[in-house]
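S.K.: Start counting the sequence shown at 1128; every next residue gets the next number (our numbering).
Treat the hints loosely; a few may be bogus.
[Said to hold, decoys possible] Derived EDC-like pairs: lysine to aspartate or glutamate, alpha-carbon spacing no greater than 16 Å straight-line: (1) 1184 - 1157; (2) 1184 - 1170; (3) 1179 - 1138; (4) 1180 - 1138; (5) 1184 - 1138; (6) 1131 - 1162; (7) 1179 - 1155; (8) 1174 - 1138.
No lab work stands behind these hints: they were computed from the structure.
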Amino acid sequence: MANKYCPICGEANGCMSGAGEHGNCWCDAEVFPNEILELVPAESIRKDCICKKCLDKFREEHLSKTTIKK
């Protein structure tokens, strides 16, 4: 990836693939839900990596909405 900043929050994304180290990044082992990819601006698609903080926050919010509370 070309840029080092998350297209959702603007913070550093920590992506090592963007640093030319493909296969050595936290994101290589992650699955990104289609719904989070829809939050990425069109000009950032396939250019900017979503950061782990945004991915974790999305999962937490999405999980809390789909979990049935007893």
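S.K.: Are residue 1184 and residue 1157 close enough, with their CA atoms no more than 16 Å apart?
M.R.: Distance of about 14 Å is within 16 Å: holds.
S.K.: Would you check the hint for residue 1179 and residue 1138, treating anything up to 16 Å between C-alpha atoms as holding?
M.R.: Status holds; Cα separation ~10 Å.
S.K.: Hey, residue 1184 versus residue 1170, does the alpha-carbon distance stay inside 16 Å?
M.R.: 23 Å, violated
S.K.: Measure nothing beyond the straight line between the CA atoms of residue 1179 and residue 1155; if it is 16 Å or shorter, mark the hint as holding.
M.R.: 11 Å, holds
S.K.: So if I understand the rule, the pair passes when the alpha-carbon distance is 16 Å or less; does residue 1174 with residue 1138 pass?
M.R.: 15 Å, holds
S.K.: Need the status of pair residue 1180, residue 1138: alpha-carbon distance at most 16 Å?
M.R.: The given pair, whose Cα atoms are some 9 Å apart, holds under the 16 Å limit.
S.K.: Going straight from one Cα to the other, do residue 1184 and residue 1138 come out at no more than 16 Å?
M.R.: Answer holds: residue 1184 to residue 1138 is near 14 Å, not above 16 Å.
S.K.: Can the restraint linking residue 1131 and residue 1162 be considered satisfied, given a maximum Cα separation of 16 Å?
M.R.: 22 Å, violated
The structure is inconsistent with the numbered hints 2, 6, although it conforms to all the rest.
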